[in-house]
Amino acid sequence: MLSYVKKLTLTPASMTETDVGALRDHGFSDEDILAIVEVAAYYAYVNRLANGLGVALEG
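Every letter in the sequence shown is one number past the one before it in this note's numbering, and letter 11, counting from 1, is 63.
To be clear, the hints were calculated from the coordinates, so they are not data collected in a lab. Since the structure is predicted, the reported quantities are computational estimates derived from the model, not experimental observations. For each residue, glycine too, the CB sits at the ideal point set by N, CA and C. One or more hints might be untrue.
[Unchecked claim] Here are the simulated distance ranges between beta carbons:
1. 108 / 65: 29 to 35 Å
2. 68 / 90: 14 to 20 Å
3. 72 / 111: 37 to 43 Å
Work the whole structure out from these sequences, hints included.
Here it is in structure tokens:
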């Protein structure tokens, strides 16, 4: 799962059905995979909002 999320985060355009199939092969349901993608996408979105607005990190 972490390899999937890393690939989705760093090179989203390279994702294929094979990546999804690998998660299924490890026992993840389609609902699980959707949740994984939603969480990864949410964090990417929030980080880009913060970066775009110049929000400083807490010390």
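Verdict for residue 68, residue 90 (Cβ pair) under range 14 to 20 Å: Since the Cβ atoms of residue 68 and residue 90 sit about 19 Å apart, the hinted range of 14 to 20 Å holds.
Residue 108 versus residue 65 beta-carbon gap, inside 29 to 35 Å or not: holds, 30 Å
Outcome of range test on Cβ distance (residue 72, residue 111; 37 to 43 Å): holds, 39 Å
In the structure shown, no violation is registered for any of the earlier numbered hints.
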